[in-house]
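The primary structure of each chain is shown beneath.
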Amino acid sequence: MKILVIEDEKTLRENITRYLQGEQYHCEIAVDYGSALEKLDLFDYDCILLDISLPGGSGLELLKIFRKNKKQDGLIIISARDSIDDKIKGLNLGADDYLAKPFHLAELEARIASVIRRKYSAVGNKMSFGDLSVDLQAKTVEIDTEILDLTPTEYDLLLFLMVNKNRVVSKNAIAVHLLGDDAEWLMQYDIIYAHIKNLRKKLSETGSPVYIRSRYGVGYKIELR
Amino acid sequence: MNLLKRIIRSHLLYASSALIFSIPVFYFVTRALCIQDVDEALEKRKKELAVQLESNRGIITRLPWQDINDNNFIYSPVIQPPGEDYFETINGKDEPFRALHSYLQMDGRIYPVVLRISLIGIEDLVQGIVITEILLLLLILGGLLWINRQQSLRIWKPFYQALEQLRKFKLDRGKDLDFMDTDITEFRDLQKAGMILTERAYQTYLQQKEFIENAAHEMQTPLASMRAILEMMIQHESLGPGLSRQVQELQDVISRVSRLNKGLLLLAKIDNNQFNEIIPLYPAGIIQKIRARLQMQLDAKKIILSEHYEDAVLQGNPVLSDILLSNLLTNAIQYAPEGGRVIINVSTGYIEIKNAGEPLPFPEERLFQRFQKGYSVSFPGGNGLGLAIVWQICETFHYRISYQYKSSFHQFTLDFSSPPES
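Chains A and B, in that order, give the protein sequences.
Position one of the first sequence corresponds to residue 1 (the working numbering), numbered consecutively onward.
Position one of the second sequence corresponds to residue 226 (the working numbering), numbered consecutively onward.
Bound-form chain A, shown alone (with noise of 0.2 Å):
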């Protein structure tokens, strides 16, 4: 999968390729308007992220060129403004997803994941890890044919792990993405870890190899045994 990072703040375009390059994407970067079109002029990616206050020029505008070309890209727009006008500008515009800075590069992964799913629904809608299998149309999770019985939390949750595979997800991220960025400071991280125990229950009933490790209180990594 090849990913555009159109990005001029070097620290966070850095650690968002290295984020995604340990898994199955291939991140190539623009560091500013003039870089960015001739990219998107040249290739075809499966997923662009697009700052909107771009050295040279709006992305907004890269954005109208780009959608005037009939490109059919994915594209997520990763911008610092927050308001639900830019929201919604930007996504008459054509872009697909809207996350507002700062985001965690673990909800990042799952949106990446999810408008690439979009873009291939045929190929998109189920999904695995270890002997799971979930059914994303369906909402439902199986073990060899047994679905697996879990509340929507649990569901959600499950899933933002199983996008950021082999990675740790941090408690902060977990929160902002079950609750959105406005009521995440409501959550008690207890009540995550609460969800977290009744997840890793459900999964050692039922005998899978898959298990939730926790870091040091500071996250959890879904792994293999």
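Any given hint might turn out to be false.
Stated by the list, open to error - Chain B side only, calculated, beta carbon under 7 Å to chain A, not exhaustive: (1) Leu278; (2) Ala440; (3) His442; (4) Thr446; (5) Leu448; (6) Ser450; (7) Arg452; (8) Ala453; (9) Ile454; (10) Glu456; (11) Met457; (12) Gln460; (13) Pro466; (14) Ser469; (15) Val472; (16) Ser483.
What the hints assert, rightly or not - Below, a list of computed lysine-lysine pairs in the DSBU-like style, where the Cα atoms sit at most 30 Å apart: (17) B:Lys527 <-> A:Lys221; (18) B:Lys514 <-> A:Lys139; (19) B:Lys598 <-> B:Lys527; (20) B:Lys527 <-> A:Lys87.
Hints in this document: simulated from the structure, not taken from any laboratory.
Glycine included, C-beta positions come from ideal geometry on N, C-alpha and C.
Mind docking chain B on chain A? Use the hints.
Frame of chain A; chain B shown alone:
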């Protein structure tokens, strides 16, 4: 009272007092002139009578002599002359008269005479003249007022048009003022001043808007970098428990700074009037959506929620109304005790949100101030901006927000019955 009415009112006041004053003056002057005329006629008749007597002495023998021609009386001779002649107005039973008391001398005898003329014709004449005069005056007055009003309307039209333009001026659109042509200097000055003022306001608005956008970008982007770095750090197996905890703390700090930044920028945006759209909204629906978003927190704190909804309509901005109600509800959940009650009551014209809890640890009047925080064991992450934002939104849209502490409940009442102008 508007300008035109004011001007016409003073004209009308002057004209009607002049009219009221002139009617009696006119009446008396006309009447006096007529009486003077009658008096002259009486004098003349007296002279004629003397001539008549001289030529027809026989009449005297038939005294007391009544009427020569109905209105002239000659009485029996007296020794002493009765004094100076005088005129008198007699208001008789049927008709008023003007009478001349005098005497005539003949053959050394003095005969008192009274000559009179009926005033009934005179009164009618005077009344006729006065009524005609009043009608004429009224006609002139009404005409003048009407012409005055029409002219004023025409002359003042650019003024009213400019006023309307200024009233309709919307900050976020700018430059759409269109004044009508006028050759009156004062109005031109007014239009020019209006142009300059609105242009300046628009420029300030744009600058402020740009500043807010830049501030958002400059703050949130480094925070995004920091978050990303921390997420990369926790991937390292070598990170021990101590460092992990510190990374966790740093992440929480980043969340707080980011939220604080968003809150302050939102306040700045509201201050800068960047939320202009006003539409009818249904608070019951908005609150139910917010409640769904907060379901996890409600569950976590085992909050007992009582809800009552009526089909109220609120005139407001969709974005800000959501934030307003969300902040109130979040506040209630935040400060309600574990297993405590939260009550939502949506009625026509007002919304009540109550939560159980201990009394405020600070004076009530500081409740809506920025950075004023209560003490929340379960959710210490608040930044004290939630209610300040509520206050600011209410100020902007002319809602009334009030707080009271009653029977162990914190009660917020949002009164939106006097809606903002769209």
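Problem - Hint check, failures only - result: 1, 2 and 20
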